[in-house]
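There are 2 protein chains.
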Amino acid sequence: MLGIMQDQPLLISSVLAHAARHHADTEIVSRTVEGSIHRYTYADAHRRAGRLARALGALGVGFSDRVGTLAWNGYRHFELYYGISGIGAVMHTINPRLHPEQIAWIANHAEDKLLFFDLTFLPIIEAVAPHMRTCKGFVAMTDRAHMPASSKVAGLLCYEDLLERESDGFEWPTFDENTASSLCYTSGTTGNPKGALYTHRSTILHAYASALPDTLDCSARDAILPVVPMFHVNAWGLAYSCPLVGAKLVFPGPQLDGKSLHDLFETEKVTFSAGVPTVWQGLLAYVKQNNLRFSTLSRTVIGGSSCPPAMIKAFQDDYGVRVLHAWGMTEMSPLGTVCNLKTKHLGLTKDEQFGIEVTQGRAVYGVDMKIVGDDGQELPWDGKSFGNLLVRGPWVVKGYFKGEGGDPLVDGWFPTGDVATISPDGFMTITDRSKDVIKSGGEWISSIDLENIAVAHPAVLQAAVIGVAHPKWDERPLLIVVRKPGAQVTREELLGFYDGKIAKWWLPDDVVFTDAIPLGATGKMLKTKLREQFGSHRLPTA
Amino acid sequence: MLGIMQDQPLLISSVLAHAARHHADTEIVSRTVEGSIHRYTYADAHRRAGRLARALGALGVGFSDRVGTLAWNGYRHFELYYGISGIGAVMHTINPRLHPEQIAWIANHAEDKLLFFDLTFLPIIEAVAPHMRTCKGFVAMTDRAHMPASSKVAGLLCYEDLLERESDGFEWPTFDENTASSLCYTSGTTGNPKGALYTHRSTILHAYASALPDTLDCSARDAILPVVPMFHVNAWGLAYSCPLVGAKLVFPGPQLDGKSLHDLFETEKVTFSAGVPTVWQGLLAYVKQNNLRFSTLSRTVIGGSSCPPAMIKAFQDDYGVRVLHAWGMTEMSPLGTVCNLKTKHLGLTKDEQFGIEVTQGRAVYGVDMKIVGDDGQELPWDGKSFGNLLVRGPWVVKGYFKGEGGDPLVDGWFPTGDVATISPDGFMTITDRSKDVIKSGGEWISSIDLENIAVAHPAVLQAAVIGVAHPKWDERPLLIVVRKPGAQVTREELLGFYDGKIAKWWLPDDVVFTDAIPLGATGKMLKTKLREQFGSHRLPTA
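The listed protein sequences correspond, in order, to chains A and B. Going by my numbering, the first sequence opens with residue 1013, and the numbers climb by one from there. Going by my numbering, the second sequence opens with residue 1013, and the numbers climb by one from there.
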């Protein structure tokens, strides 16, 4: 027997409509590509997203058509999120840091019908346009005054012109909540990128869950600045959860350096921010150098890659900014776990609490997780056993766009490719990527643990650990280090630094020094490249 | 085109499973009917709910069968919530304060197959059992030691015996999320009660929304005591939102007097509570009389009926407990709006903030609301226009069990029967029930506004205002007052008390004094009775 509740599909358009009605004058502030500050309100954004929806229709974009964007975090990008998904088309965010060849490949694979771009990326557009097989138009996200005088791209369209032609009062259509809403390709380190195809339902459920007090804790008393790009899994969902709760939104545009971010934090009274460790490194350095404080910033979520404990300490102890250590992935919309203490932890010492805060935290309700050994058997939540992490839930993918990569699920669970431990209280710690974990004599060694210790050394700027072939143990860890400018440190000093911090058999067998560690398009260390470069390093123990 | 996300139905069983896994040792504390304190954990509750599910099966309860409960807030009632709904049967909570005839009528209408009851209610069970046409068994929610030695009810079953027979490790079945999960009859003031039939989907969506920072703000650092009964719309959803976030649960059992509640608040370090104004009246009186404080209670949600501003002030100013003024109804699962300030209000004076805090607040995302005039035309959100309040959303009913009362919707909107204003910022204020609003010369007068002013008078214990027939104005307000014990106040003094507080034409035309105002089963004033009693009162102005 079915219940007798209203049949209201969960649709993305309703989020912005709610914000426009209940938070009509709440601001959205953007640093534009041109450098100036643009401000308007949720009511304005909703009105303009409606005009955009009409404009898309006029350009021939229909239900389920894909529309690409190559853009920074800004108000026009935000309008595209709602205008495109709102008519049942698919918002396809593309990472502009990818190689132009990859961008063309992705846009062709997605069969994007239109491509919207920030002027910054005109050179990329000019490079890829001739290779785009499905794209019928390129729209510069600017006004007539800033349109390029001439361009190699024929028939370039102007965003503001499109909106100006349309009228207000668009009525958002209603359709199945399982309709595809947006598409984000994973920057796979092997093989071609694969597209995660979100639904309206998965997006709304994720938005509810991500705003909860023990997730990102978003309310109408927050001003939220997503540093994490809108082309990285929808700015970790903040593009939806902020209007859902009526938080003020602050978009940093292209300027992600420490000074630009700190200025915006202060002038716009930002209370909460979100980003990857590499961005925070720049911010913290700038703030320290200039002896500055954060007047309103109370917390920040750090994810994307494992956050060094030293960074958590710096934010919390030096600046009074609470760090929410989080974990997720493109295939998870992206949130899986966030670290927030329980009542039982409130009486602990600061150090004991810190021991919990460095974990990636507890699963948000909606995400189930488990760890399994190589044999697929579930491992206990004892904080020690580490195994492959699997997840399931309504905002986890069950496959990729066009069936690429086949069926990834194992008995209904999605294998994350991460290796983790889980404590009896449900706090999860990523110990490694499955492909990066070092398998020494049948036991596993966490490359991340070894890296975190190395970067805590005052002379170390960056550190990576990879497994290198060993005749007796199969693999042994090799520590790869980039020293801070001017800093001196020897192999022996670094190995000695591990004393008492790890089990003896985890100690790297050797250290190599290098000038730079290669990073991928999302700022993560490219261990594949490191393995190419140092995989044949001859260990002194071999 | 559909997206490619996992097809995971939103099921109630998954909430408790999540709590058992992530908050295994978090406590559920109950004051039992016998008076002692019972404590166990989410892991225990989950294990026992599974045994209960097996026991229900053994007793012949199948998918969609209704199972009634007549019980206080306690751990066994909590287990029933999950054990019954978890197997796809329907949890039917019955208000034990109803007249036994009504209880029998409701149980027969619902076709309850079993009835679980707390021992307190054995006399009711004995009275109604002979009239129950579908009920095949009565289960006393107690252990063997406390079972009544003899009873008029044949074959009385013992809850703990049922569970003892079963084994652990029950696997919750998966089914359509639109399956009926629970049933709650509205205590309609006219006609027979009508059943709101919730779904697993509506329950989970409501649980997500109700735990948000701007709703009830529930986290794993809370200890939550629902005073609001589990037979009142699932304790306003707290029976689901607490395990969803891993909050400690404290159940007060039958003892809702000021002392019992305050003792529990203190010993169990309660941070958050929920209840109707009449309960808080008793608590505040006790705390004041004994010169006590609240050591851990930081906030309380007050709803069920409009909260007198004086009560909000007492909690906030005298005891530092923040009041979340809320509004909802059985047909809304129940939450519609909750009052939480926005950033723009944080700079206001305390008095200005108070002017917002007395409103019922903003709609939670998921609930759309609008106000319309008698002609059905939407009225502006200007904080002045008041009209009939309509709502819609995925946790709002579209009809009643067995089609009772026909189709209540108006163009897809549910008419709440309340009259309200909405401010430009989306803050809603209930000014009256549609049937209680006083229609004077074509204009509306809010009976609630007039009552709130009257109860602020130091000599007034209770006050009600009804419309009384008037030859010229159709209706005019009559103030009905219960004086505090020993207090003296005249008609003229009370009417003078309105000076400067309302528009002149709102002034009641007369005052009558009475000994008691009749209350319904949910603690609300029964204006129908008052109209019977005083409707023919001859106004001096007539």
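Hint data in this document are derived by calculation from the structure and do not stem from the laboratory. Glycine included, each C-beta is placed from N, C-alpha and C at the ideal position. Please note that the accuracy of each hint is not assured.
[As the list claims (entries may be wrong)] Facing chain B, according to a computed beta carbon distance under 10 Å, are these residues of chain A, among others:
1. R1059
2. G1100
3. V1102
4. N1204
5. G1207
6. T1215
7. D1226
8. D1229
9. A1259
10. F1306
11. L1391
12. G1395
13. S1397
14. F1398
15. Y1412
16. G1415
Going down the list of hints, with the structure as the test:
1. Here the hint on R1059/A is broken, as its CB sits about 16 Å from the closest CB of chain B, past 10 Å.
2. Contact between G1100/A and chain B, as hinted, is supported at the beta carbon level, the nearest pair being about 9 Å apart and thus within 10 Å.
3. Taking 10 Å as the C-beta contact cut-off toward chain B, the hint placing V1102/A at the interface holds, the least distance being around 7 Å.
4. Evaluation of the N1204/A hint against chain B yields a violated restraint, the C-beta minimum of about 17 Å exceeding 10 Å.
5. Because the smallest distance between the Cβ of G1207/A and any Cβ of chain B comes to about 9 Å, under 10 Å, the interface hint for this residue holds.
6. At about 9 Å, the closest approach between the beta carbon of T1215/A and any beta carbon in chain B falls short of 10 Å, and the interface hint on this residue holds.
7. The restraint placing D1226/A at the interface with chain B holds, with a minimum CB-CB distance near 5 Å, inside the 10 Å limit.
8. A cut of 10 Å between beta carbons decides the hint on D1229/A: the least distance to chain B is about 6 Å, and the hint holds.
9. Satisfaction of the interface hint for A1259/A is found here, the shortest Cβ-Cβ separation to chain B being roughly 9 Å, below the 10 Å cut-off.
10. Look at F1306/A: its Cβ only gets to about 17 Å from chain B, farther than 10 Å, so that hint breaks.
11. Against a cut-off of 10 Å between C-beta atoms, the interface hint on L1391/A is violated, since the closest Cβ of chain B lies about 14 Å away.
12. The interface hint given for G1395/A is violated, since its Cβ lies 13 Å from the closest Cβ of chain B, which is over the 10 Å cut-off.
13. Annotation: interface hint on S1397/A violated; nearest CB of chain B at approximately 16 Å, more than 10 Å.
14. Nearest Cβ of chain B to the Cβ of F1398/A: about 18 Å, over the 10 Å cut. The hint is violated.
15. This hint holds: Y1412/A has a C-beta 7 Å from the nearest C-beta of chain B, less than the 10 Å allowed.
16. Annotation: interface hint on G1415/A holds; nearest CB of chain B at approximately 9 Å, less than 10 Å.
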